[in-house]
Structure formats: structure tokens, C-alpha cells
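Residue numbers (our numbering), protein chains in the order written: chain A, 946 to 1193; chain B, 241 to 496; chain C, 9 to 584.
Treat the hints as calculated values from the structure; they're not laboratory data. Computed from a predicted model, the values in this text were never measured in an experiment. Do not rely on the hints blindly, as some may be mistaken.
Result set (DSSO-like, lysine-lysine): computed pairs, CA atoms no more than 30 angstroms apart in a straight line [what the hints assert, rightly or not]:
no., chain 1, residue 1, chain 2, residue 2
1, C, K495, A, K1111
2, A, K1124, B, K243
3, A, K1124, C, K426
4, B, K428, A, K1127
5, C, K362, A, K1127
6, A, K1111, C, K369
7, C, K419, A, K1124
Ranges of calculated distance between the beta carbons of each label pair, as one might list FRET restraints [claimed, not checked]:
no., chain 1, residue 1, chain 2, residue 2, range
8, B, P431, A, G1120, 38 to 48 angstroms
9, B, L448, C, A430, 47 to 57 angstroms
10, C, R253, A, S1161, 35 to 45 angstroms
Anything over 12 angstroms on all C-beta distances counts as not near chain A; from chain C, calculated [as the list claims (entries may be wrong)]:
no., residue
11, R97
12, R376
13, V423
Just so you know, even glycine gets a beta-carbon here, dropped at the ideal spot from N, CA and C.
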Amino acid sequence: MNPYLYESKNTIIHRLDPRTKILILMATFVIALAPSTLPHAFAAVTLVIIYASLGRAWPVIARMRNFLVIITVFTILVWGIIPRGGEILWMFIRRESLVFGVLTAIKIDAILLAGMVFLATTRNEEITIGLVKMGAPYVMCFAFSTALRLVPTFAQTGSTVVEAQKSRGLELDTGGLWKRMKSYVPLMTPIFLVSIRNANLMALALEARGFAAGKSRTFYIQLKMRLRDWIALALTAVLLGVSLYIAS
Amino acid sequence: MWKYTKMVVLAAVTAAFYAALVIPLKGIPIVPGFTEFRPGAVIPVVFGLLFSPAGAWGAAFGNVIGDFFGTFGIGTVGGFFGNFFYGLVGYKVWGSMGIASSPEDLAIDSKKKALNFILAAILSSLACAELIAWWLELVRILPFAAIGPIIAVNNSLACVVLGIMLMGLLYKRLNRWDLVWFAIMDEKDRPRGLSPRIGAALIWLGVLGGFVAGVALSAGLAQTMLFKIGTGATTPSVVLGVTPFIIILIIGCLLA
Amino acid sequence: MESEIQNPKSEIIEIDSLIFRYRAASDNALRGVSLKIREGDLVVIMGPNEAGKSTLCFTLNGLIPHMVKGTLDGAVRINGMDTRRQGVRSLFSHIGLVFQDFESQLFSTEVELEVAFGPENLGLPIDEIKDRIRRALELTGLTNLRGRQPATLSGGQKQLLAIASVLSLEPPILCFDEPTTDLDPKNKRRIFNLTRQLLEQRKQTLIVIEHETEEALSADRVVLMHDGRIAADGPPSEILRNTRRLEECRIMPLQLTDLFEKLGGNELPLSIEEAKKAWQNNSFQLLPNARKKLDESDAEKARCYGRPLIEVDDAHFSYGPDMSALRGVSLQIRDGEFVTILGQNGSGKTTLAKHLNGLLKPTRGEVRVEGTSTARMSATELGRRIGYVFQNPDHQIFEETIQAEVLFGPKMLGVGEKRAQAQARDALETVGLWERRSEDPFTLTKGLRQKVAVASVLATRPGAIVLDEPTTGLDYGELRSMMSLVKRLNESGHTIIMITHCIWIAAGYAHRTILMSEGRIVADGPTRGIFAREDMLSKADIIAPQIVRFSNELGTTILSVEEFLQCTQKTINHKP
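Given these sequences and hints, build the entire structure.
What follows is the structure, given as C-alpha cells:
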């Protein structure tokens, strides 16, 4: 089972150094959050769409489309009912509230799309090594990447436990909210106990292979910033500057 | 804690649990993209108490990984800090509320200890809600009053329904296997603040004050005695109103 | 005890009256172990669960006492280094440890990175790391999988990867703690071949903890452990012939050795070749009516079968596109049968078993229980008829007491409180745990936890019970106790369907054997008939137990030591 969004492809975005992609992602957040007018917001989301096309991330985004629709609708609704200025359009919804809602929805979509493109084009271990090379402590990054690797394992343990308890008569989808939440106890407890006990063994196995040996560590994955990375970063910087200039 | 391999692995395990339990429920969001109906929300508090800092870091990482399945974005930053404190607050106040004798006294064997857990769980949930809602308001993604109460209720519900039972079923066994934080870390490495009592009091103040202020300012209740739509505060005043309380919360956590 | 002192090899491991007690334990796990191991030797350590074998492993590289807390007395020296002073952080490159549970030893997202992890920690230059990865992958035969995610590998490949990732540290000593326990027979053989290769090509010092007695034959030395002490230590030819000592240590003796010991033979064979000679020298003979006797007792059992209970009709199942697990399986199981399903991992055994109680429903074809299609039955209805004991009892145990755990099933199925209590009591009495009902199930040994799982299924009073590898990880004593329980259940009327990798159990206990390979049934019939045809077994990559192969050479298929004793005639011994 692989629940992750990464799709192995050979695009210019896939080939970028993970550090470049992390910086682009952070810049995109700022670019997406800066706009205060609708045209500017549309321009920002267009940039993200171009980025997604370069990374051929559309299948991943298509997988998530329902999700994007729900968020868009919800954001417009929530900000729509929070009062702001302007004439009343309908009931108590004012024009400015609605405009602000749409604006925010576009900004959120741009951010989420950028996140999806990042995940669709960057492997988990590249993210980790990228963070290490950008100065994050190795041990923390190790914990993070181990967690990434454990998620599918635990999901699998989980489905075994669900089967075991189902065959003893546990029903998950019946009864009220209270009963349904309670039925998580026979599922969670074995998953936790088995996995935590294995974690103990994992810690022993790690030490046995020299984790935390205190020597300076070699990293097998070697990152190298190439010309394309510098070009991408320069371009991003320009776009970021333009965006902030328009917003101010 | 990072020099203990076991703690590192337990942080990873907590994160993986949290993410694994959140992902299958991505489909039925209560507030899509920002919070979901999560029985998994019990994890940070329970593992925060059992693994202390490893639980808090695990909660923070786990939330990021959960976001890897679609909701990765600017909200992830707030989720990281919110969930870190979600895992941290419970164990910081556990021994300082006059019920449990110390942070190591984790057996829930009486009604009073159950109350201790419920208080710690609700406080943690509010802290998590306060931080995430503050961040989302700061970046103008969602209003505090819309998101704060939903997260708080969501998390408290999961903790109160599942937490006490899980603590009962997990603590004794993990203790026997030497897999609780005080069996792993040597005395000298255990995080201990200057004054747990004052710290706990500050945490309570920072969380309750910040949460109430945030909701009140955001929903516009502070400005008007009458219920009148149209006076809700906008982002700057909400953020400014909550920020001092967040600072108090952080100072409290450092002292406790 | 110390034989062959004339060997000039130097001692690379010295353990001196070692005592260890875990922090929370009331008893010592090691009670004075002294052991010296010479460079380049293969030492096999055997013993029951909880004998202290794994504890001993952990002391070798300093995990004990540096990582695992407790009190340690005595000394361990690796290459002259005292483990108490050096610690894991400097010892890990001298002695590599591989554990039974391969899942917990893999933490990377790519095979190559997994193997790189150890050398990375050594801080070696990148080219040296590349070389080491290449060598380790070549030795373990994983070169073609270097880009794969470890999570997508099979169990055997995962264990090979765990070994490769330790090999890349190139430690002079390797210690494998039950590396094959969780593997199917084919992968067991792969690991054993690898250990032989390591000995020959790298002159590796190897310490292997193993339950499989047959594999100890190729060791330089066998050490028996029991109760935290060393109970025997010597060359395999000597240790493995001492069947009484082995039984005392709850280790399975080789079946042929056991047979000849019980027949009173004057030379104890270890292999089939030796057995053939010994059989002649002792002038043993099968009774003239042996085959008839065996056939009659088989027929006797078959007469007790009732009406058809489970019918599988051309069932197909796939877990997704290109993941076909069943490709047209048909069979009928009658009330009161004892069936085992044999086959390698991935042959579709577990998938088939999960169809029998409706956990899975066929994508094509039909499964009927008592005449009704499982597609039309609710989980509760099926749960009452067919119980399912999962491979790992820890995947279901959660309650605080054994009794509450066993009560869970009946309660969930809506049985009234009083009746549920009575059923739970019956079940616990059957498995022999009623006296201990208020204990925490997690304080029990693996063997007893497995019995709790059986009891919690029994308590729902199913007619048939499916057991998925019920003996994995149990020692010989626990295993025999578990199997005599299963046998008793069958004799009291339960239909038993058992998946196992343990071939001698299938031969010795089941009345009927189903062989599976690649999602199909390749053979299905009375166990004796199946084991008579070794060529057919080999199609499913299964090798018959030693004693069965021996009996086949004698012309009559005999499935267990007991049967052999009933069928053998001792003629008067005359010296050759």
C-alpha cells in the first residue's frame, strides 16, 4: 500500500534539487497569501497552475479534486457570513464579505496546489535530506522520515487488527457516535501495543547499526545545486518581488 | 531527549500513529482542510503523557505527515505548533493540579485521577485550538471564531471518550516494558522547569484567556453587549488580542 | 565440555560467568553463563523461549547493559574489548546483530539506503560505502532489488535485506537471533544457504540462534541453553544424539534420532543415510500388515466426518489489478475434518482461509457455509459458525484480564451475560487458563497468549476453527501443548482448518492436506497420500520431514514417530 502522492516522472520539476523545491514552496506561500484583489489572486493561482503543469502533477491533483471543491465552498461560506462592509446582497451576507471569501478560497487553493505539486515531485527521502542540508538537526529529520516510512506499516497492522476484531464480532459502523467512538478501543490498543513493542526492537536495531555513534556521518544521497536550480530560484525571487510590489 | 534512540523512535512511532489514524478519515472532514473528525486526536495527549517530549514532537510531525495526503500548505505550519503544544501541555500540568502527585504518577485508578486527565485533556485541546486558530487568522485563511471552537470540541471529545480507557490499557503494560519516558531517560536528562506550579498556572491563564479573547474578538462579542451582526473584529485585532496569551502559554511551558 | 582444544584458532568472544537481571524482573535472565567462541566458527545456540538466548545476544554488542537497563555481573569481551567499558557505539562495527522480527529492523525507504545506513554512521567515504553496498547486495542476492521500497518486499527478502544491512558494516562477528522463525520453508533454506556461504567465503564467525534442529547439523558447535544457563555444549553429532537432554531443554530432537532411541537401536542416526544403515544393522522391519493397519486407522477417521460444512466453488479473488490471489479454487470440507493448508507465502493460503469465514468474499465463484453463500451472511452469523485464530495473538488482545478478553467475542455476538460467562469459562478451562483468568494477558508467554486467542474464539462456540500458523514463534514444548489442544478440539467435534509452515506438524496431525501454489490447489487428499508423493510436494517447494522421506524409502508412508513405533518389528539383534 502506498498512500503517498509522489509519482515518479522525469520532468524538470522532478529533477530540481529538493532544497530548491522547498524554497520555491515557501516563496509560493508568500506569493499566494500576498494578494488583496481578485485579479492579483488569479495571477498567483495561474503561476501555481503553470508550475503544476511543468511537474505533470495533474493526475495527483485530480485525485484530490473533491477535496479542493469542498474547501473552496467551505471557505467562501465561512468568510461570507463574517460581517464586513458593503451593501447587503442576500439575508445578512454583504458584498465585501463575499468578495473576501472568494479571494481567500483562491489563495487557499493556490497554497494547497503548490503543496500537492511539491509532494508529487519530491521523494520522502529527498525532503528529509533537503532539510538536513538546510541545517535541520539530523536526528529530528531521521525521526520524521522514519515516521513517514512507518505510516503504511501501521496502516497494514491496523487492517489486520480490524479483521481480527471483526471476526470476533466487533461492528464498527453501527450504533450512535458514542458507541462508534468506543469501538476504536479494541482496535487502537493492540495496534499501539504491538507497534510500540516493535519500536523498542527498532531502537535496539538502530543502535546495533551505529545510529547515534557520535562519529561524523556520511550522507549517501549527495545533493548538488545545478544551473537549473539557480535559474529556478532567481525566477522565483523575481516573481516574489513583483507579487509583493503589487500587493503593497 | 534526542540523544536517546528509544525516544527518537517513539517520536517517530507517535507521529506515524497520528498520521495513520488521520488519513483514512480525510474523506469526512468537519472543517475540510483544517480539521476532521479524528478519533486519532486522542494520540497527542495520551502519548504526550506516556512519552513526554517524544509524544509532543511526534504529534507535531504526525500532523505534518497527515497533511502530506492533501492538505499540505500554509496551515501545516500552524498545525505543527498547535499539535506540539497539544502533546506538551497535558504532561506539563499533569502533576501540578493538586491531584496526581508527579508527572510520573500516570495510573488512572480513581475518579479524581480521571478528573485530572479530563482537565489536562481539555486544556491541551484548547491550547491546540488557540494556536492553530491564531495562525489561520494571522494568515487570513479562516476566522478564529469559526475554527477555534471546532478544534477544541473535536479534540476534547476524542480525548474524553477514548483517553481514559486507553491510558488504563496502555500505561501499566508500557511501564512494565520500560517504555514510558521516565524509564527511558536518566534523571539528569529529564526536562524539569523552575517552578511547575507557577508554570501550570500560567499555562491555564494563557490557554483560557487566549481562547476566550480570540473567540470573543473574532465573533465581535467584546465590542457590543447586544447581539448585533456587523461588528465582528477583523484579523489584526484578533491576532493582537491573542498574542499576549500565547506568550504567557509559552513562558508557562518553559517554567513547568 | 571443551572438546577439540587442539584447534589453533584464537578466541574472539569470551564470556565469563555472566549474570543479568532486567530492571523490572524478579528473576535473573542469565544465571552464570561462561562461553568462549573461536574465530571462524559457526556456533548454533538452541533452547526454549525465555531461556536467555536473546538476552545473551544483546550482551555481545553492549546493548546490555548500555541500552537495556538492569544489573549485570561477570564480563563479556569481544576481540579483547570489555563491553561494559566500550558500549554499543564503538562495538557495532565489530559484531553485527540480526533479529527475528525483520519489520522492526528496516527503517529506510529504499533497499540501497537501508544497506548504506550502517556505513554512513561509520562516516566512511562515499566510494567505500558504494563498494560495501555492492558486496552486501551481491552476497544476499538482492542486487536487482536495490531501488525497491523495503515495504514492498516479501518476508524472506526483508530478512535478507536486514542481513545485508548488517553485512555492509563488515563486522568480523555476526549474530543472528532466530532469523528464520517468521519465514516459509523456501526462504528458510535461502537464509541457511547464505550462512553457509558466509562461512566459506568470508571465514565469518557466526552465532545463530535457531529452533530448527536439522540446521544445527552443519554447525561447528551446538550450545543448549535452559533457564539462563548453558545446559550442554559440544559438536552437533554429540549434542543432537542426546535426545533426553534435548527433551529436557524443550528442543525438538531429530525425528529419526528419536525413533531409533525409542526403538532401542544401538546407533543413533542423524541423517537418512545413517538411518538406512542403522535400520539394517539393527535388523528392524516394518510389520507385514503395517500398511493395512495405517489405512484402516485413516478410514476410521474418515467415517466420523459429517455433512459438508464449507463448500468453495471456483473461487477467484484479487487484491487489485494484477494482484490475483486465488485463481479458481474449489473444495469441500465436511464436519469434523482436520485439514491443513500448505504452501509458500503468497500461494494464497491465507486468502483462501479468510474466505471461509467471510472476511473476504470471492470476486468470482462462491463460498457456502452450511449451504448458504457467505455473500448473503452477516459477519455475526458467520462468526458464530466459523472461528478464526489469527497468526499473531497480539493483534487482538487488548483487555486488562484474560477473562474479559475471552468474554469480548460472546458479548459482541449478543450472547446474554450469563451464557457468555459460562461459555468463557468453558473455553478457558479447555485451554487450561481458567485458574489464571484475572491476570493481564500480556504477562503471559507467547505460547499462552496464543491459547488466549484460541479461547476467545472457542468462547463463541463455532463449529469450525480456522488457525493461521498457530505455532509460529513457539518453542517445542509450547508447540506440542498447542497441537495437543488442537487435536483435542478436533476429537471433541470441531472441524479444524490449519495453515502452517511447519511440515512435520501437518504430517503428524492433519487427516487431510491441501497443497497450494500460485493461487491454485495443486493437491488435495488424505495426508498420507500427499506425503507419499514427494515429487508433488516439491512442486509447492515443500520437502517432506526426514522421517517421512525415510519411510517412503522403506516403501510405506509413515507420518510420525508414534506411527513408526506401532509399525516396527524388532527382530532379535545379532551382531554383524
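Each hint tested on the structure:
{"no.": "1", "hint": "K495/C <-> K1111/A", "verdict": "holds (26 angstroms)"}
{"no.": "2", "hint": "K1124/A <-> K243/B", "verdict": "violated (42 angstroms)"}
{"no.": "3", "hint": "K1124/A <-> K426/C", "verdict": "holds (22 angstroms)"}
{"no.": "4", "hint": "K428/B <-> K1127/A", "verdict": "violated (39 angstroms)"}
{"no.": "5", "hint": "K362/C <-> K1127/A", "verdict": "holds (26 angstroms)"}
{"no.": "6", "hint": "K1111/A <-> K369/C", "verdict": "holds (14 angstroms)"}
{"no.": "7", "hint": "K419/C <-> K1124/A", "verdict": "holds (14 angstroms)"}
{"no.": "8", "hint": "P431/B <-> G1120/A: 38 to 48 angstroms", "verdict": "holds (41 angstroms)"}
{"no.": "9", "hint": "L448/B <-> A430/C: 47 to 57 angstroms", "verdict": "holds (52 angstroms)"}
{"no.": "10", "hint": "R253/C <-> S1161/A: 35 to 45 angstroms", "verdict": "violated (51 angstroms)"}
{"no.": "11", "hint": "R97", "verdict": "violated (5 angstroms)"}
{"no.": "12", "hint": "R376", "verdict": "holds (18 angstroms)"}
{"no.": "13", "hint": "V423", "verdict": "violated (9 angstroms)"}
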